[in-house]
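Asks: Below are the chains, spelled out letter by letter.
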Amino acid sequence: MKSKKSQIQLAESIGVIVVITFLMVMGIVVYHRFRQDSIEQQIREKKEIDAVSLSNTITSLPELKCSAFSSEGVSCIDLYKIKAISGCLEKTVDEINYYHDYYYDYFYNANISVIQAYPEEKTYTIYYEEGSGKNIDQIQVPVTIYDPISETNGFGVLIIKVFN
Amino acid sequence: MIFFKKKRAAIGMQFNWIFVLIAGGIFLIMITSIIMTQQSASNQEISAKLIQKLNSYFKIEQESNVFREIKTYQTVIDFRCTEEGVSDYRVSGITQQTPVEPIFAPGALSGQTIYLWTMDWKAPFKIMSFSFVSNPKTVFYFYNDSQNEDMVRKVINEFPKNLSRNMSYKVGKNPDNPDVDLGETNYDNYKVIYLNHDVTDTEYPYVEITIENDMDGYGEIFFEEESYFLGKASLYGAIFSEDKESYECNMEKAFKRYKILSNLMLSRTNELKAGYSYSSCADNYYNAVVNLKTINKTTSLGFNELTEESIEELYKAVNSLERANDYLALRGCPVLY
Amino acid sequence: MAQIKTRNAQAEIMGLMVIVVLVTLGFFFAVSLRSNIKTSDIQSDYTDKQLSTTFIIALLQTNIKDCPEYNVEDLIIDCATGENIECNWVGSCDMLETTLNEITDKSLIKWNSAFNLSVWDNEDNIIYTRAQNCGRGSTRIRTGIQPVQLYPVPGNAKFTLTICKQ
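Residue numbers (this note's numbering), protein chains in the order written: chain A, 56 to 219; chain B, -17 to 319; chain C, 89 to 254.
Any given hint might turn out to be false.
As the list claims (entries may be wrong) - To be clear about the criterion: a stretch of chain B counts as covered by chain A if any three or more of its residues have a C-beta under 8 Å from a C-beta of chain A, and this derived list gives those stretches:
(1) 235 to 243
(2) 254 to 267
(3) 309 to 319
To be verified - With the C-beta cut set under 10 Å, the calculated list includes, among others, these residues of chain A facing chain C:
(4) R88
(5) I104
(6) N164
(7) A172
Just so you know, these hints were derived from the structure itself, not from any lab. Everything numeric in this text was worked out from a predicted model, so none of it was measured. We put the CB at the ideal spot given by N, CA and C, even for glycine.
Work out the full structure: start from the sequences and follow the hints.
Replies: Structure, rendered in structure tokens:
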């Protein structure tokens, strides 16, 4: 009887330790799950913010933005600047590499194009690098497309697709 | 019998304590390691947040002439831009690449405050924003005598008010005795600036800047080897840079962009020249094309390949392009920029 | 006595088990509730909000291809104040309708957006309207409004674009 009593007491102590350990492990697992969810959400939000920030930056780049004294609207891009920059992508292999490599450090995996809807329909690709990302964040920004030679404004949309 | 009972109880008690010690010890180790891991993760998170904040300020398109005082936790930020093209900054072991943004800063900044000043680099059109970084523990000593007093005053007057109020800079003729305690605990970086003045004998890092006409012009820079500046922003870049290597590395980034923009502008100007070939605007477009070709040719060589002749040629082309743009604006023709 | 002691021990173990079960259930509910919390969609919010405003601002400045001396804003002003402009023998109100239809065909209609584009004169009469999937049963997300001054006629015309969610 006495030895059984001490064995039971020992078993009880071990049982308490096992239960406490189980609770602690559960707590840690749940905490990490919460943390992981929170971090994934932050990453997702950051990617979305980056895409939105990119759309704001592109319309104010000197490579595209209307010159001073021309159309003063919000999001105005110059037609001949668009033609110049999309023309650079069509040049020889060496030239493509130079421009593409330069902008890759800035735009990473993205497809940036301007679709002129009026007066005539035309699409200009400014930058393209698909990468291996499967998720696509797409932002459309209506823009005024200014022709400095005819001094007229067309209507178009700047489309930015970011591959994540 | 009684003797055996007492002995057994005594032995039992000891075993109980041993058991408690082992189990308790294991728990303590487990909890301590969790705390250490969480602390390290938390530090990394704080560093990442600081990097995210700094990234938003180091963009190539920023409002010009803006001063920011950034408060942070006690940390060390290391800036690096090397000849091999490695460009980044590091906060507590986390590295952020800066392949396109020119950031002129000392090698390391420690403390809880960072000063950030942005300025547009124009030649003559805006190419990009330069970021100048400093902190309360950085001192600039401007060598000043009757020979260069005016130029020193002009350069210092350009500093934003908040920056000059908070930044340590001294003006005088004795750089080795700057009337500040340069002990390691007080200051991280000390640099002597010679503007339009020969270098005197000093044991501290220095930069000698010879300004040809004015700050918006061009000139020579001498760290311990020769380099050049073009435009006000690059002059301040030389003041804030750690050394020649970091200055030229950042200017190389700027020149890459300059080359691209000048090429795009050349393409557009050719279209405008063709579209306005029979108008009074034609001459100015023709001049602009010539100057843009010069700029394109010089920038294609890279900043490191600049010589005294090429920087002067570049400056002349920049000035000429600016005049052409002004004439076009006066005549109501579509401007270049 | 021995029975009471046994019962005490059993009660103690039961208490411990109840605590473990309650805590486990608590963790389970916390994890499942967490996965149900809606995450914010920054990009969608931004796209919808900026689209309505920037679309009409860009549209107002667009020049008419048959009569490039006029833009959409000029046609709205003229249509709201008496229709004096003629472009290829077409009045400003008809020209406005043709132009806006053409632009919306190539943009909002093509993207399958749910929208309502309208122009109102200074007396709140509709001059132009076009909509797609933005009627009953849809939720308005954002309306962009741009007033157009009709000087010297008093008052403003209104150009609105409502983006809806089906």
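Asks: Next, verify each hint and record whether it holds.
Replies: So, going through the hints one by one against the coordinates:
Figure legend: the segment 235 to 243 of chain B, annotated as covered by chain A; annotation consistent (4 residues with Cβ-Cβ distances under 8 Å, at least 3 required). Counting residues of the segment 254 to 267 of chain B whose beta carbon lies closer than 8 Å to any beta carbon of chain A gives 3, which meets the minimum of three for the stated coverage. Chain A is given as covering the segment 309 to 319 of chain B, and this holds because 5 residues of the stretch bring a CB closer than 8 Å to a CB of that chain, at least three being needed. Against a cut-off of 10 Å between C-beta atoms, the interface hint on R88 of chain A holds, since the closest Cβ of chain C lies about 6 Å away.
The closest approach between the C-beta of I104 of chain A and any C-beta of chain C is roughly 6 Å, which is under the 10 Å cut-off, so the hint is satisfied. Interface restraint check: N164 of chain A against chain C, minimum CB-CB distance 16 Å, threshold 10 Å, status violated. Interface restraint check: A172 of chain A against chain C, minimum CB-CB distance 4 Å, threshold 10 Å, status holds.
Checked against the numbered hints listed earlier, the structure breaks hint 6 alone; every other hint is satisfied.
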